[in-house]
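Student: Both chains come to you apart, so use the hints to assemble them.
One letter stands for each residue in the lines below.
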Amino acid sequence: MISHRSITKTILLSTIVFLSFSFGNIVMAQDGKALFSQNCAACHAIDKKLTGPALLGVQDRWTDQKKLYSWIRNNQAFLKTGDAYANNLYNEYNKTAMNLFPNLTDAEIGAILKYIKEWKPAVAPVAAGGAPAPEGDSTLLFGILTLILAIIAFTLMQVNSNLRKLSDDKEGIHAPEPVPFWKNKAYIAFVTVILFLVGGYYTTKGAIGLGRNKGYQPEQPIYYSHKVHAGINQINCLYCHGGAQDSKHASIPSMNVCMNCHMAINEYKGPKFYTEEGEEVNGTAQIQKLYEYAGYTPGKPWDPSKAKPIEWVKIHNLPDHVYFNHSQHIKAGKVQCQTCHGEITNMDEVKQFADLSMGWCINCHRETKVQFKENGFYSIYEKYHEDLKNGKIDSTKGITVEKIGGTECQKCHY
Amino acid sequence: MTMKKLFIITALVITGAAIISCNDVQRKPSNVYMPDMAYSRAYETYADHSNLAELGINYTNLPVAGTIARGEEFPFPLTKDALGDTANYFASKQVKSPIDSLSKSEYTETERLYLINCGICHGTKLDGNGPLYKGGEGPYPAKPATLVGDPKYAAMPEGQMFYSVMYGKNLMGSYASQLNRKQRWQIIKYIKLKQAEAKATAAPADATAKN
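These protein sequences, in sequence, are chains E and R. Mapped onto the numbering used here, the consecutive letters of the first sequence carry residue numbers 1 to 414. Mapped onto the numbering used here, the consecutive letters of the second sequence carry residue numbers 1 to 211.
Looking at chain R on its own, in the form it has when it is part of the complex (with noise of 0.2 angstroms):
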């Protein structure tokens, strides 16, 4: 009698030992106290938003067409080419840069924006040999442009450029999402002055070279 109430109690404190220790992958989120202080009751960024016009709320979240934030510069006059079609992309080439100069916290700042943005591909030192491509080896199939070192790109106008970051060009994709349009212009500025930059190294290097 006592063995097997001895047995019993065991059974129940091991079952109970097992069910706590077991701690599985936690694939729902847990209990709230209060749901209507913990999930917002009004709409939040990320909501569900698909039902809005059924409920009569008018609701848009796009700015009203040709309105322009604070402190950003004007719209690229260009629309994207049809498939196909390259006319706009020429006539970018005529599109002149609103951005003369870059300060220095302007430049450090677009430096960081670059290597976020576009390092991944065209490499830290714009050589068209980022993380991803890692000259073949990497999972990007395709070459990025080499920004430095190739005169395609050291004789492409800042227009074009901007045309090819706004729409995207060939394989890249559009960048106009993720970066304003004041930074796209700063980070093309950012290209130009590092190519003129290595110009003037290889200059003086072949100069000697010759002598």
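So that you can see chain E by itself, here it is in the shape it has in the complex (with noise of 0.2 angstroms):
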């Protein structure tokens, strides 16, 4: 009796499976992932819960393929109902309401139901080559070379000295007992006026070199990649550091702001990235140390409160006797980011580009003309705009930043 129970079912299951899936390969027009995209996956993705449930396998979940139609349909009327598996799920997603789709037919529903059913992972991008190759740096080969060579001039001249003498003795001139090499102070003038510019070079270099740091390149907290964030995605600089059109500081983005996408994005599926040493990174667990920070766990409802600030190491630093300030520069004198920071979007492990010396600042501001036309920043200079508009400047010189006190000490240490 039972068996016979069970085997109805099995068939009025199968027949409803069916004819919903024949009823969605009648209208073959509806397109289910256009559909999907189009209703469901603002809040819903296939293979991870977001806003709502993962969707797939749904329709294993749901025994009665008819409730699940009037669920998708308008889920608080049939929450209504009294459903068991509905209410729990709708308390299990903190009663997140679904949004109604009276207008949604059967044909479109299965449409819908038939794609999550056929969808298939998307097979991972096959990484392009392996640890990025190291760069050839040639100097230590010229230095080898250079070294080489001065050692067979060395030796030809010793050799040569020595034939001199054998030479001389042949024809029978008396020549003195040669000199060794480390005492002939031609040799030793020699090398004392090589070690003296050698060394005199490398002392300058380093003095000048105290307090700059160009080049230096830390190791953050988490490895941040801006190449991937800024460049491979496309993200503005002032998304996260907004603070560079407002103020002094370009600042550095609170939790929320790495939430706002990170929520959501939960694993690194792009090229793969390398520390500076050449060790790999593996993107989603530093996606994991965010969290960690951000108290967050994934498809839980996250709560600001329980972050811990990331402790950011600073690159780029002025000394305290030298005022800067971003606003100035990004939003007065239209400069780029680029200019001071480099190549940013290509950077992985970011860098210190400029030197960031006193020369370096000057030098742009001599060079660099003032957008003066439709700045309103720059109206109160009426003399120079006067004289721009008469031709008494030339308009393709324009003004430098020197012209209206850039290079004046005040204006930078004070």
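Among the clues, some could well be false.
[As the list claims (entries may be wrong)] Across the chosen pairs, the derived CB separations fall in these ranges:
hint	chain 1	residue 1	chain 2	residue 2	range
1	E	GLY270	R	LYS4	50 to 60 angstroms
2	E	VAL313	R	MET37	16 to 26 angstroms
3	R	VAL25	E	VAL179	42 to 52 angstroms
[Claimed, not checked] Which residues of chain R face chain E? A few of them, derived with a C-beta cut under 10 angstroms, are:
hint	residue
4	MET37
5	ARG41
6	ALA145
7	TYR175
8	LEU179
If you're looking for bench data, these hints aren't it; they were derived computationally from the structure. Because the structure is a prediction, the values reported are computed rather than measured. No residue lacks a Cβ here, since even glycine has one placed at the ideal position from N, Cα and C.
Tutor: Laid out in structure tokens, this is it:
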């Protein structure tokens, strides 16, 4: 009796499933993918829990397909029928109300479900190449070559002097015993001069380099790739560093700015990346590190008050006796970020691009033309505006920053 | 004897050259002449503020509750809904925008802000297909709202949009830290203007199609 009943049930079920499918097949025009992206994708992914549950295998989770259809069409009405599974689901997702879709036809829902059922995860892109080939630094090679040539020259000179002594002896000319080369004054003078030059060069370089950090590339608490964010994914610099247009500081984004995207993006699927030492970095593990700081568990609502700040290491640092203001350069001066920070969009780990020396600042202030036109900030320079109009100032040369006081000491030091 | 000395000198020079020409990744900052002039003695932004209370310094980095910056709009009257509650989200429909229109310069500035902060997901054409989604190819798994072209968002009142921008909605986070109140209202006005523009261009097309 029991088996008989279950068989009827199975037959009934499969008929419904079959019917719903054949329905979907009849209306071939229904593009399940388009419908899914239009109606469902804002809250559901197929293989990932977002605002709503992951939809893979949704038909297996609902024993009665009719119920599933009415749930999709009007979940609020369906909840009122008191269905236990639906109500549990609703409570599990913090009573986030699903949108109503009263206009979806059975065929359309069928097409969406078919799309979900036939969905296959995208094949991960084959990583291009292995570890990046170490860039050939030819300085060492040239150094060794020079050294070898110098040694050969030195040996030849020794051989030459020995041969001369031999020939002199043969011809009976009495030559004094040759002085060994480390006692030879010419050699000693030569080596001293070389040492002085080389030593002087490195001492000067080191002294000038004190407090300068061109190429400084510290390890950050999280391997955050600017190349992935600002390069591949084209996020504007000002999205995270909005302070650059409004204040002195470019501002480090607060945790909620990271979480704007990373509440949903919890795995890294892009091209492989490596530390400067050549070790491969696991992108997904880095996002996990972010979650630890944020106090966030994927799939659960995020409480920003649980977040701890990430202590990023500051790279570009001007000494305390220099005043620098980002908004003055970005907003009034309309300077691009890359002018001073280099090709950030190509840097996995950020490296200091400019040496940030005074000469570097002054040089730019001397050469850079101020964008005078359509820039309210410089409207007070009436005489310059007039001179530009009259042609007294060559408009191709324009007004440099220097002309409006950009090289005065107290502009930056006070 | 000579050869031995020669060998030692050569070896020394080679090691010296090797050490000099080895430029490793610079992970540590260089030394400075006068640290007390280079590093601020005063408390600066992003300095360690964790021990201020122990030092007896009273400092709060938030403005006093209820203060309004000069030129800033009045605060939004509704608070964020508790989890599972939607009362304020629906109530926000009634909140009126303090901004009636955008001047030409305001429009350009708002467009710039939209492209920086919103366009990345909602698309430069407001079609819900920004570079982070790319029709499902991008890293963002959820489809961003189609701001122009979806009747739901064309009908959504500005107050409700402001609620979502300020407190976040579903997977979208709060943009209160990136945009001030005025900028948020302006961006919403910009979206409404774009929607009206799309409607205006679509309507004559429909009319010609019918004829």
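Student: Each hint: holds or not?
Tutor: Okay, the hints, checked on the actual structure:
Checked against the given bound of 50 to 60 angstroms, the beta carbons of GLY270(E) and LYS4(R), roughly 58 angstroms apart, stay inside it. Between VAL313(E) and MET37(R) the beta carbons are some 21 angstroms apart, a value that agrees with the proposed interval 16 to 26 angstroms. Distance hint for VAL25(R) and VAL179(E): a CB-CB separation of about 47 angstroms, consistent with the stated range 42 to 52 angstroms. Interface restraint check: MET37(R) against chain E, minimum CB-CB distance 5 angstroms, threshold 10 angstroms, status holds.
A cut of 10 angstroms between beta carbons decides the hint on ARG41(R): the least distance to chain E is about 7 angstroms, and the hint holds. At its closest, the beta carbon of ALA145(R) sits 6 angstroms from a beta carbon of chain E; the interface hint therefore holds under the 10 angstroms criterion. Evaluation of the TYR175(R) hint against chain E yields a held restraint, the C-beta minimum of about 8 angstroms falling below 10 angstroms. At about 8 angstroms, the closest approach between the beta carbon of LEU179(R) and any beta carbon in chain E falls short of 10 angstroms, and the interface hint on this residue holds.
This entry satisfies every hint, going by the numbered hints stated previously.
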